[in-house]
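Student: With chain S held as given, fit chain W onto it using these hints.
There are 2 protein chains.
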Amino acid sequence: MQKIRVMIVGYGNVGRGVRLSLQKNTDLELVGIVSRSPERVAREVTDVPVLPVSEPDRFLAELRPDVAILCGGSKNDLPAQGPVLAKLVNTVDSFDNHSRIPEYFKMMNEAATQSGHVSVISTGWDPGIFSLERVLANAFIPGARAYGFYGLGEKGGLSMGHSDALRTIPGVKDARQFTHAIPAAIEAVRNGENPAFEPGDMHTRECFVVLEEGADPEAVSRTIREMPGYFAPYQTTIHFVSQEELDTRYKGFPHDGLAVAAGVTGNDHTARVEYRCVWGSNPEATANVLVAHARAVARLAREGRRGAFTILDIPASYFSTLSREEMLAHWM
Amino acid sequence: MQKIRVMIVGYGNVGRGVRLSLQKNTDLELVGIVSRSPERVAREVTDVPVLPVSEPDRFLAELRPDVAILCGGSKNDLPAQGPVLAKLVNTVDSFDNHSRIPEYFKMMNEAATQSGHVSVISTGWDPGIFSLERVLANAFIPGARAYGFYGLGEKGGLSMGHSDALRTIPGVKDARQFTHAIPAAIEAVRNGENPAFEPGDMHTRECFVVLEEGADPEAVSRTIREMPGYFAPYQTTIHFVSQEELDTRYKGFPHDGLAVAAGVTGNDHTARVEYRCVWGSNPEATANVLVAHARAVARLAREGRRGAFTILDIPASYFSTLSREEMLAHWM
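Residue numbers (my numbering), protein chains in the order written: chain S, 1 to 332; chain W, 1001 to 1332.
It is worth saying that the hints were derived from the structure and are not from the lab.
Glycine included, every Cβ here is placed at the ideal spot set by N, Cα and C.
Accuracy of the hints is not assured; some may be wrong.
Not everything, but these chain S residues come out facing chain W in the computed CB check (under 10 Å) [what the hints assert, rightly or not]: (1) S99; (2) T168; (3) A188; (4) R190; (5) A262; (6) D268; (7) S281; (8) P315; (9) F319; (10) E325; (11) A329.
Dumping the calculated DMTMM-like pairs for lysine to aspartate or glutamate here, alpha-carbon to alpha-carbon at most 25 Å [as the list claims (entries may be wrong)]: (12) W:K1251 x S:D268; (13) S:K155 x S:E245; (14) W:K1075 x W:D1216; (15) W:K1155 x S:E187; (16) W:K1024 x S:E193; (17) S:K87 x W:E1325; (18) S:K75 x W:D1174; (19) S:K251 x W:D1268; (20) W:K1075 x S:E326.
Output of the computed footprint for chain S on chain W, the stretches with three or more beta carbons under 8 Å from beta carbons of chain S [to be verified]: (21) 1045-1059; (22) 1279-1289.
The shape of chain S in the complex, shown without the other chains (with noise of 0.2 Å):
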């Protein structure tokens, strides 16, 4: 069977775990990035081309892509390149601003619809995994609410959005924020109390920062405490360290997340669902997200659908390289 052709557009941490992701999953194939500094990606990789995001006509006609996996940021590069490229060719992103989805759905389901194409947005693990999670634990416990809490372990998980928040701050040269679940919120989902939360009472901040010569650290965690949105609703622990200690102790994008829904069947009997995930990575589980997702879309679009699609509209045996008849004798 002919393989998928898959291209990168852009190629940050989420674009390399892609490609290491398609080298594991065989049906698929990287016949290119795109990018917007192809020079600096090309130092990177040498085995596929590199073509810049720019000469549209050039990277469809040299990669021939079947579907475009997504990799830019959410604040800034999917809702301009998004639209565009989904009038060009299949894509599937993993836009994570949950309360512009149904924005970014919009304008990707015109774009798509109006070309032909298939566009699967806001995939990965959260938006994506714990968005149908959380709707199949409402449809099989009715009246339940899914709760989704991050960095139960003991480190913690890395929030890339609330690092890079940090490292706008005047006095800081570098950070890493780790979000921590509170056990006792926790609790009371799984004891079936559907609670009423404000931000503040489900998770907590710990700051890790490395401070410019001269800077004032009071002056810094204040500002950082005070943050609206970021870091002022949360009990927030700031620790400065050095650039060494940063790089050393607490290095790398490991995340995990619970998504939790209790409530109860018939009369009174409890009932209680919980989906987690644990990653080493979480730029490569998103890549390994949009991966499978990949492979849906080439489904999608060989059976004549266009338009926007979330992983609320994909059949589960989709994602999967499983024949119909290894689902049913092994994994049923």
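Tutor: Frame of chain S; chain W shown alone:
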């Protein structure tokens, strides 16, 4: 919007659970029950018609069901009733004899395809939700095997099949069997060892047995421990108890499980996913999943689909009452 008309076929613990579940899923309505013993059921249920399963022309005309939820057993009821009913009406069932699923799928697919109906087979929590989680885990972490563990809580999980097996032994008046997961086996999977287990490596079995008067406990114990498939491969504990103790301390149908898979992303980053469910009532949990699938069956039928399906073939959104707008805005 018109409610989905649901008929229950077979009124045991799962059938009762479906009736209760339909009270909370108000887009569906119970239009009647068909049974091999309608008189018995009619003594318990007085608010909807109860008709004999042997009179299909009558129950189809009187009840006009959109979907039949088949609540019979997998050993004798479903293999006989399923293909007959799939020729008459859209169906959903919880056929759970894993090794015979390919054969049952084939029968149901032929019956449903020929008659233009939709038949969703083998759903509940395992097979069902766990099947879905196994396939997703393998798709998102290529190479990872997904393992199922049951009875993780202190009391373990009640196994109906093993309880029934105990009750067939001469000298046994009544009995209930609780399955326990072996924690070390779970840890081996969590560690990414992808171990090759024999059945006895994953679970132990605990039996609570009420003896007939004059029965020989040693002979009964020997028979239990030597029962092939059910108990011989397992570390088995046997407690002889009074009927009163069985009915009070070991009552109900609690069960719980864990589907877990571990592997790596990229070159060497650990990755682990787990799905955990804890049910106060196992048959009510199965019933809730069946009802959500009845909603999906009605939608597939409205789309003109036909043939047999499993949970792996159905998008998650089909199980839900949530609108696309609600899902995009609040559940992604």
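Student: Now look at each hint and say whether the structure bears it out.
Tutor: The hints, checked one at a time:
Hint on S:S99 holds. Least Cβ distance to chain W is approximately 8 Å, under the 10 Å limit. Because the closest C-beta pair between S:T168 and chain W is about 27 Å apart, greater than 10 Å, the hint is violated. Checking S:A188 against chain W: minimum C-beta separation of about 16 Å lies over 10 Å; hint violated. Interface restraint check: S:R190 against chain W, minimum CB-CB distance 9 Å, threshold 10 Å, status holds.
Because the smallest distance between the Cβ of S:A262 and any Cβ of chain W comes to about 9 Å, under 10 Å, the interface hint for this residue holds. Annotation: interface hint on S:D268 holds; nearest CB of chain W at approximately 8 Å, less than 10 Å. The interface hint given for S:S281 holds, since its Cβ lies 4 Å from the closest Cβ of chain W, which is under the 10 Å cut-off. Among the interface hints, the one on S:P315 holds; its C-beta lies about 5 Å from the nearest C-beta in chain W, closer than the 10 Å criterion.
Hint status for S:F319: holds, given a least beta-carbon distance of 4 Å to chain W, under 10 Å. For the restraint placing S:E325 at the interface with chain W, the shortest Cβ-Cβ distance is roughly 7 Å, inside the 10 Å limit, so the hint holds. Using the Cβ-Cβ criterion of 10 Å, the hint placing S:A329 at the interface with chain W is satisfied: the shortest such distance is roughly 5 Å. Simply put, W:K1251 and S:D268 have alpha-carbon atoms about 15 Å apart, close enough for the 25 Å limit, and the pair holds.
Proposed proximity of S:K155 and S:E245 is supported: the alpha carbons are some 15 Å apart, at most 25 Å. Straight-line distance between C-alpha atoms of W:K1075 and W:D1216 comes to about 30 Å, which puts the hinted pair past the 25 Å bound. In summary, the hint linking W:K1155 to S:E187 is supported, as the alpha carbons are separated by about 20 Å, within the 25 Å threshold. Proposed proximity of W:K1024 and S:E193 is supported: the alpha carbons are some 18 Å apart, at most 25 Å.
Between S:K87 and W:E1325 the CA atoms are separated by roughly 23 Å; this keeps the pair inside 25 Å, and the hint holds. For the proposed pair S:K75 and W:D1174, the alpha carbon gap of about 64 Å is over 25 Å, so the pair is violated. The hinted pair formed by S:K251 and W:D1268 meets the criterion: a straight-line CA distance of about 15 Å does not exceed 25 Å. Straight-line distance between C-alpha atoms of W:K1075 and S:E326 comes to about 23 Å, which keeps the hinted pair within the 25 Å bound.
Counting residues of the region 1045-1059 of chain W whose beta carbon lies closer than 8 Å to any beta carbon of chain S gives 0, which falls short of the minimum of three for the stated coverage. Three residues within the 8 Å Cβ limit are the bar, and the region 1279-1289 of chain W against chain S gives 8, so the coverage statement holds.
Violated hints, listed in ascending order, are 2, 3, 14, 18 and 21; each of the other numbered hints is respected by the structure.
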